[in-house]
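Undergrad: So you can see what is in the structure, the chains are spelled out below.
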Amino acid sequence: MTGYAEPAAGAKKLGLVIDLDTCVGCHACAVNCKEWNSGGHSAPMTDLDPYGANADGVWFNRVHTFEAGESPESRTVHFPKSCLHCEKPACVEVCPTGASYKRAEDGIVLVNADTCIGCKLCSWACPYGAREFDADEGVMKKCTLCIDRIYNENLAAEERVPACVSTCPASARHFGDLGDPQSEVSKLVEARGGYALMPEMGYAPVNRYLPPRAAKKTVGCTGAEAELAKPAETAGLHPLLRWMDKVLSR
Amino acid sequence: MHPAFSVIFFTVASGAGYGLLALLGIGNALGLVPADRVFGLCSLGLATALITAGLFSSTAHLGHPERAWRALSQWRTSWLSREGVAALAAYVPLAAFGIGWAIFGGVDGLVAIAGLLGAILAFATVYATAMIYRSLKPIHQWHNRFVVPGYLAMALASGAALLNAFVQIWGRPQLAVGVVCAVAIVVALFAKQRYWHFIDTTKSASTPESATGLGAIGKVRLFEAPHTEENYLLKEMGYKIARKHAAKLRAIALNAGFHIPLALTLIATALPGTLAIAASCVAAILLLAGLAVERWLFFAEAKHSVMLYYGAQTA
Ligand code: SF4
Ligand code: SF4
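In order, the protein sequence lines correspond to chains A and B. Counting in the numbering used here, the first sequence runs from 3 upward without gaps. Counting in the numbering used here, the second sequence runs from 20 upward without gaps.
Each hint should be verified, as a subset may be incorrect.
What the hints assert, rightly or not - Computed cross-link-like contacts, DMTMM-like style, restricted to lysine to aspartate or glutamate with a CA-CA straight-line distance of at most 25 Å:
id, chain 1, residue 1, chain 2, residue 2
1, A, 90, A, 108
2, A, 90, B, 228
3, A, 218, B, 228
4, B, 254, A, 138
5, A, 122, B, 249
6, B, 259, A, 108
What the hints assert, rightly or not - Partner residues are not named here, just some residues of chain B that face chain A (Cβ under 7 Å, in silico):
id, residue
7, 79
8, 89
9, 124
10, 230
11, 242
Read the hints as simulated data drawn from the structure, not as lab findings. Ideal Cβ placement from N, Cα and C applies to all residues, glycine included.
Excised from the complex, chain A in its bound form (with noise of 0.2 Å):
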């Protein structure tokens, strides 16, 4: 017993895929998240003190900043990270009321916030921090996937994506089924080698990131190298000096 049926072969699993190349690290998907659910399916995101020395408040998507590898070869990444609706989600299995659940029809895992007792222990089994408890409420909350927009008629076809993905100006998130291997996200994750996080933790994440591509060694149309040019070896000369130098080099 795992208390969600495992999906089976071809079922449908919606998901994120995030584009670790392109995000430009600009926090809008975390902001137009907590726009749309503070009015959404898990309504409020309790904010608490949010205007004084000690503001603290939920949120289910939040951007971090990594730097990996070293100068000259290290990259900034900006790295956004929302619950991943994994495949085997422990944060259910362990819910003792069942108030945790995974959809069967999509894969989304979800929290009945009438039945919710608050007792942490999901949040404690995530173990990516998917899951913040609103104190005020009593209950636990996490990422939707935005259920009350993707399948919402009331919205013009192309809006009915989650809010970070509708929002990203960079275009660095993608939402689709990722059970079907002929979807664009799909497709987007094969050609990219888009990959899940801390696979050795046995969660079987469906959320998939895209590595940053190879860095350039060149500067755009221009050509010039990337790197800056080694200091002049006249750099800690007289400036009449360094003027004559370029004078007599022409």
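We have chain A; now place chain B with the ligands onto it with these hints.
TA: Below, chain B with the ligands without anything else, positioned relative to chain A:
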């Protein structure tokens, strides 16, 4: 992990209560504990009080304590739910045992069977409690094979220390009870030492590289956190304890929870009357205090994998 007072109190108090209940059930069946009604009333009364106070305390940290009954529904998958079911089920034989013994003065037949059933369910409850922690993969310091033996042995040791104090107070010292107590402390000590050795010499397989998937570029470090103030994740899972404090607290837990109670229990077997009572009572009190420190450390030294996204290099 944040050491919540309510959970520390719950696991220590109800652990001791279940340990005492189990030993009373078994001790009664073997004729090792006094059969008189007042003894039954006091010893089982204390066990019940410890268990009940612990359970109430555990519901204190819930966001919705009034919905606690819902936690009984998912026993097929959730160890927390199983713990709740076992804890409630244990009250049935506990009540039968207590009423039969303290009110009707009977200690054999059905009453003895109720005591043994109580022992089994006490064991099951502590086992389920330990499995809640042991089954959490994101926490390396909990997800290991030393957690369950430790919890069981410490519940038994604390229950045995209480029982030993009771039989001493009743002027009915039993060498067997003293020996069981000493052996339980030694086993618990061994389990705890192995646990500490394990968490000191191993770390989670997860790293900042596996958490971000950026390891192919090189070593990964946090450049900018997603928020400036502490959020729920950092408050609940980002608890840090300085190494030197941990070392000091371990020494306190070792001495108060294991070494001194063990010595006192052994000495009490050779001492006359009042001195033996004093030694065994001090042993029980110290042991419970030491376990509270041990339990605090069990949380404070546990690291959650989410911290890899917040600059931790290991988990
Ligand atoms: S990311 Fe965390 S909360 Fe989301 S499904 Fe996976 S384990 Fe559960
Ligand atoms: S906090 Fe709520 S959703 Fe999470 S495990 Fe507890 S009851 Fe379930």
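Undergrad: Could you check the structure against the hints above and give me the numbers of any it violates, in ascending order?
TA: Result: hints 6, 7, 9 break, sorted rising.
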